[in-house]
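Participant: For reference, the chains in residue letters:
Number of protein chains: 2
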Amino acid sequence: MPLGQRAGDKSESRYCGVETEFNDDMPHVLAFNLSHGSFDFILAPLMDPAYRPSLMQKDSGVSGVLPFAGSDLVLSPSQWSGHVVGKVSSWIDLDSEDEILRCDSETTLKQEIAWASHLSLQACLLPAPKGKSCANYARCVNQLLQGLSGTQLWLRLPLVKSDSETKDVNTDTSDDSWEIWNSFRLLCEHHSQLSVALDVLSSLPSVISLGRWFGESVRAAIFSTDCFLTNARGYPCLSKRHQNLVHGLFNHSMQIVLSGEPVHSLPKINSHIAANDNDNNVDVVQKHPLRPYLDYVGYLYQRMDPLPEQERLEIGYRDYLQSPLQPLMDNLEAQTYETFEKDTMKYIQYQRAICKALQDRVPDDKASSVTTVLMVVGAGRGPLVRASLQAAEETGHKLKVYAVEKNPNAVVTLHSLVKLEGWENIVSIISCDMRYWDAPEKADILVSELLGSFGDNELSPECLDGAQGLLKDGGISIPSSYTSFIQPVTASKLYNDVKSHKDIAHFETAYVVKLHSIARLAPPQPVFTFDHPNHSTDKSNNRYTKLQFGITSDTGSVMIHGFAGYFDATLYKEVHLGIEPSTSTPNMFPIFFPLRTPITLSPGASLEVHFWRCCHPTKVWYEWCVASPSSSPIHNSNGRSYWVGL
Amino acid sequence: MPLGQRAGDKSESRYCGVETEFNDDMPHVLAFNLSHGSFDFILAPLMDPAYRPSLMQKDSGVSGVLPFAGSDLVLSPSQWSGHVVGKVSSWIDLDSEDEILRCDSETTLKQEIAWASHLSLQACLLPAPKGKSCANYARCVNQLLQGLSGTQLWLRLPLVKSDSETKDVNTDTSDDSWEIWNSFRLLCEHHSQLSVALDVLSSLPSVISLGRWFGESVRAAIFSTDCFLTNARGYPCLSKRHQNLVHGLFNHSMQIVLSGEPVHSLPKINSHIAANDNDNNVDVVQKHPLRPYLDYVGYLYQRMDPLPEQERLEIGYRDYLQSPLQPLMDNLEAQTYETFEKDTMKYIQYQRAICKALQDRVPDDKASSVTTVLMVVGAGRGPLVRASLQAAEETGHKLKVYAVEKNPNAVVTLHSLVKLEGWENIVSIISCDMRYWDAPEKADILVSELLGSFGDNELSPECLDGAQGLLKDGGISIPSSYTSFIQPVTASKLYNDVKSHKDIAHFETAYVVKLHSIARLAPPQPVFTFDHPNHSTDKSNNRYTKLQFGITSDTGSVMIHGFAGYFDATLYKEVHLGIEPSTSTPNMFPIFFPLRTPITLSPGASLEVHFWRCCHPTKVWYEWCVASPSSSPIHNSNGRSYWVGL
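Each protein sequence line maps, in turn, to chains A and B.
Here the first sequence is numbered in the UniProt record's numbering, starting from 1 and rising by one per residue.
Here the second sequence is numbered in the UniProt record's numbering, starting from 1 and rising by one per residue.
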């Protein structure tokens with residue numbers, strides 16, 4: 001039974017599981033934990049923990065039946081696949097020095113995964129590696145992953161990280177389970193069916209190091225009853241830090257699993273009945289011993305704020321890679337205009353900027369006598385025309401507007417808008433590319449909304465340079481400047497999506513994406529800035545920037561899959577618009593620049609990144625690379641994979 | 001004029017060049033240095049070093065002619081391409097903080113490379129990066145490399161490496177030019193047209209650090225006249241260490257270029273005439289000022305030992321990747337037998353081993369009465385049959401031989417050999433796979449030569465396990481055991497050849513290759529051992545080994561492209577056979593295991609490598625990975641790319 005309903009949230013974190021001990025009466029275990037315990041699924045051992053292949057062979061030869069927990073017929077296929085996560089024998093140790101144990105472990109692991117696959121289980125939990133070394137374990141899991149159809153493998157790992165900031169990077173004394181995960185998944189080539197299940201303990205690592213896991217494929221968090229505190233009424237509850245973690249898990253579709261013996265003695269509940277009680281007499285009215293813990297988790301779920309309307313609309317876009325627009329080469333579609341025009345906050349900012357510009361341009365005492373010439377370049381279906389007229393009305397300034405638009409389809413809408421609103425005497429519609437329009441007069445104010453997620457990536461600089469001749473000397477461009485920003489991120493989901501194309505071109509492309517399951521590893525830094533009108537003698541829009549990102553050592557080791565990109569624009573004076581997280585005006589998705597090979601950084605290491613904006617007569621593109629601690633290839637050389645056409 | 005003739009050596013190191021200053025009379029420069037100087041090529045600036053694009057534009061606008069050293073017509077196309085290596089302006093600095101210098105540098109570099117390409121020059125020399133940072137330089141060169149047809153780019157680098165072993169690996173205080181090269185070529189994705197030209201100085205880094213360059217694509221070494229000492233007669237000569245370096249260069253097809261002013265005042269030579277003298281009066285009999293230096297280099301070349309016969313035969317195989325044999329699935333060809341049988345050293349070792357085994361098996365006093373049964377399993381065209389009979393003759397032992405061979409084509413040759421030699425009464429030929437032969441009696445001695453370059457890689461273990469039933473209890477197997485070895489190597493040529501296939505499969509394949517242009521970074525270590533007959537209770541031929549390679553910090557940073565693999569076999573007691581470098585019996589090429597992504601190691605770092613031998617009913621394969629300092633993917637999971645069929 002799901003934890004509750006949360007408007008807009010369809011994620012798997014509504015379901016809560018429970019870890020059980022080995023029991024060959026699976027129907028009972030399922031009935032007890034689901035029907036009577038209200039859990040949604042069980043994390044159940046698949047095989048008798050006493051089993052060892054090396055002993056079996058001596059005893060019974062090749063005819064032995066493997067000691068699985070019941071045949072496939074004891075549950076229906078939908079029960080197996082919908083409600084059971086298989087738990088691989090926890091004694092296995094594929095990196096043991098003991099060769100017999102190692103071989104037994106490999107045999108058992110293969111038998112159990114084959115069985116889980118036979119049952120079409122959705123997932124199997126792999127026990128945590130026993131030591132720091134996990135290469136043989138990873139080799140065997142990697143072999144299994146090659147042939148596994150639907151089953152996910154969840155590698156169990158304790159959520160631990162020692163705080164010692166002074167530890168030597170050369171000696172392997174770290175106690176950071178993320179490092180074991182990183183090593184394991186690198187050995188398994190970032191396989192998309194390999195995920196993590198975190199064992200949450202009573203003490204938690206630092207918040208900043210926890211953040212790393214939100215960029216990883218974590219499917220479940222197993223909360224031992226030991227994690228829970230006791231509230232005033234004797235009921236289990238969690239510390240504030242654990243609650244924050246739970247919220248993070250809920251927000252990232254990570255499922256909670258409860259585990260262990262009840263440690264809170266509540267009245268009215270017989271705490272002696274264990275989760276996997278053998279007593280078949282389930283008809284007796286009895287409460288599941290972990291029910292108070294589940295109730296508390298459900299309480300935390302239901303207490304969460306509902307998703308905001310905008311988030312709900314965008315939930316389907318989370319971590320979904322979209323190719324950036326080619327607004328110059330292609331004409332935008334009606335649907336795209338529709339989306340843009342919904343961003344009311346943006347047009348409020350534009351209107352504010354235009355008001356200020358009008359007031360600066362013409363003193364209030366001349367407002368009724370002097371007509372300001374304003375050109376909207378790239379008018380689309382007219383939202384900036386409307387904002388301009390509203391600004392004129394608000395300030396009482398006289399305005400003459402030219403609406404310049406190259407897309408003939410948008411011009412149709414513009415004409416009907418002007419007619420509908422009765423703006424014929426104020427607004428002239430010019431169906432022309434702004435770069436080539438031979439205007440009858442020059443403008444006081446040039447207004448445009450040509451910025452992409454990364455600022456200049458939809459060629460605003462080239463368009464506005466081309467339109468600069470339309471502006472009077474001393475005229476105002478809105479926006480007057482814009483700057484792009486990047487920050488390094490962990491984003492294993494995005495990385496795997498890019499990788500699934502199996503080519504280099506997709507790794508050398510920037511994507512527009514609503515970033516959600518990522519870890520932001522350092523504050524964003526500015527990359528390229530453009531000013532309009534552009535008065536510099538060097539008119540080149542080529543840019544080159546070298547950035548150093550320091551990642552605080554408290555974060556621990558991190559993996560960088562690429563860079564999140566944003567922009568901030570100064571529309572006019574103090575009126576800003578942008579998606580740089582610290583100053584964000586919402587409703588435009590960031591951009592993501594992937595790295596062909598993700599880079600692992602040691603704790604406290606610094607990252608040197610180079611970004612280029614390169615211009616040719618027919619196209620503009622970015623190149624990027626990491627130069628330290630080690631050099632990556634230069635991505636997108638000559639714009640071979642990704643470019644924006646002029 | 002080549003430095004001389006050396007039997008079997010057709011490499012480019014026979015040609016010696018000279019570096020010249022800018023001179024727009026190219027025909028004169030060429031005539032002076034080639035006809036009168038006896039050099040084979042010149043390293044000549046392509047453009048007036050005073051040229052700066054930013055100044056040009058102000059002076060002459062777009063109509064300016066670029067100040068190249070003469071038009072393309074002043075030399076014939078074959079003179080340009082055969083005798084001129086273009087030298088890019090040495091003032092360029094693409095990573096300068098000064099933006100004007102940076103842009104001027106980029107423009108000039110592009111113009112010069114375009115010009116060199118227009119002239120079809122074989123190579124252009126790029127000046128050394130001015131500082132530690134080279135990302136923008138590399139970005140520009142990488143762009144040029146994408147569109148360059150035939151011209152090679154040689155990055156000039158001083159041959160320096162500071163000795164400070166105590167330097168902090170985290171602070172970039174190293175003075176190792178290899179690190180700049182490594183960074184540059186990583187940024188340029190190991191482009192095959194990007195090579196190195198080393199500036200040799202009067203003091204040399206340690207021999208072990210020099211060794212790294214022999215695994216890299218070094219095309220030239222530029223010796224300044226300052227490097228030369230003066231011998232007793234006043235002539236230039238080189239220190240012993242420089243001489244050893246020159247030998248290394250000659251052996252690796254690296255060309256020598258002389259550079260600088262003459263610093264030895266010799267009688268009879270007018271040392272005031274510079275290499276690029278403007279004086280057109282070349283008919284005057286005058287010696288090139290660097291001629292004594294060239295003569296000395298020629299002397300060093302001619303003094304080298306001629307290539308041994310075997311090396312001469314194998315020169316075409318140097319660094320040439322071959323797929324390993326599939327001797328079980330495929331029948332070998334006559335040509336392959338021919339090559340194997342030429343290895344006389346091998347059969348001498350086998351004969352020695354058989355002699356000892358015969359003597360151990362039957363005391364000398366019973367030699368004439370007791371007949372030893374010997375089976376050659378995998379007899380091929382009979383070389384081991386011959387070795388066995390010769391051993392019997394040598395020791396005076398009576399022998400009965402079964403020659404078992406599965407290849408029906410080889411059996412034809414075996415029959416005619418036995419007939420020709422009159423061995424019919426001693427040798428029985430069995431046309432059968434040794435694993436399935438139902439023998440009339442058991443053998444005292446089982447002789448085989450089933451070892452591949454990596455020992456067990458041609459499935460000797462599986463074949464001999466299958467044939468073990470043919471051997472009496474207490475019988476002898478020759479070989480009685482074998483061990484594979486690996487060592488990490490720098491091998492940029494091999495890496496690029498594997499990479500040229502543009503797929504993962506070729507990076508997950510082991511190759512037989514005569515390793516030449518490689519740097520061996522640590523002593524080989526044993527990997528897998530097999531004993532015959534195999535008395536262990538666990539009959540599995542699966543193997544797993546974890547190895548730690550320490551690379552001495554004196555070597556500096558290194559790049560590991562993969563692993564060289566060898567074997568050593570104990571034929572019988574102290575009689576060995578193998579290609580492990582420390583005990584090598586020649587004439588079999590090593591094996592090479594590539595890494596999909598080469599790994600850079602910091603000075604003194606250690607490398608953890610895992611190797612697996614995996615067996616299935618139909619095939620055997622290896623998997624391998626690096627686990628430290630960072631984890632690589634596991635290569636060849638489930639033998640998906642490379643396997644040997646049973």
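Keep in mind the hints are simulated off the structure, nothing from the lab.
Hints are supplied without guarantee of correctness; some may be wrong.
Copies of one chain are not kept apart here, so a pair can be met inside one copy or by any two copies together.
[As the list claims (entries may be wrong)] When the alpha-carbon atoms are kept at most 25 Å apart in a straight line, the in silico BS3-like pairs for lysine-lysine are as follows:
hint	residue 1	residue 2
1	LYS400	LYS419
2	LYS502	LYS400
3	LYS472	LYS573
4	LYS400	LYS472
5	LYS110	LYS546
6	LYS539	LYS110
7	LYS356	LYS442
8	LYS110	LYS10
9	LYS110	LYS419
10	LYS110	LYS619
11	LYS573	LYS356
12	LYS356	LYS110
13	LYS110	LYS400
14	LYS356	LYS366
15	LYS539	LYS419
16	LYS546	LYS442
17	LYS546	LYS130
18	LYS619	LYS539
Participant: State for each hint whether it applies.
Facilitator: Now the hints, each set against the structure:
1. LYS400 to LYS419: within (16 Å within a copy, 111 Å between copies)
2. LYS502 to LYS400: neither (54 Å within a copy, 60 Å between copies)
3. LYS472 to LYS573: within (19 Å within a copy, 97 Å between copies)
4. LYS400 to LYS472: within (14 Å within a copy, 108 Å between copies)
5. LYS110 to LYS546: between (49 Å within a copy, 22 Å between copies)
6. LYS539 to LYS110: between (64 Å within a copy, 20 Å between copies)
7. LYS356 to LYS442: within (20 Å within a copy, 105 Å between copies)
8. LYS110 to LYS10: Neither: 34 Å inside a chain and 55 Å across chains, both beyond 25 Å.
9. LYS110 to LYS419: neither (73 Å within a copy, 54 Å between copies)
10. LYS110 to LYS619: between (53 Å within a copy, 19 Å between copies)
11. LYS573 to LYS356: within (8 Å within a copy, 97 Å between copies)
12. LYS356 to LYS110: neither (71 Å within a copy, 47 Å between copies)
13. LYS110 to LYS400: Answer is neither; intra-copy 76 Å and inter-copy 48 Å both fail.
14. LYS356 to LYS366: Close inside one copy (15 Å), not across copies (117 Å); limit 25 Å.
15. LYS539 to LYS419: Cα proximity of LYS539 and LYS419: none, with 40 Å in one copy and 90 Å across.
16. LYS546 to LYS442: Classified as neither: same-chain Cα gap 39 Å, cross-chain 75 Å, threshold 25 Å.
17. LYS546 to LYS130: So LYS546 and LYS130 pass the 25 Å test across copies only (17 Å; inside, 42 Å).
18. LYS619 to LYS539: within (16 Å within a copy, 65 Å between copies)
Hint compliance for this structure: hints 2, 8, 9, 12, 13, 15, 16 are not met, and every other hint is.
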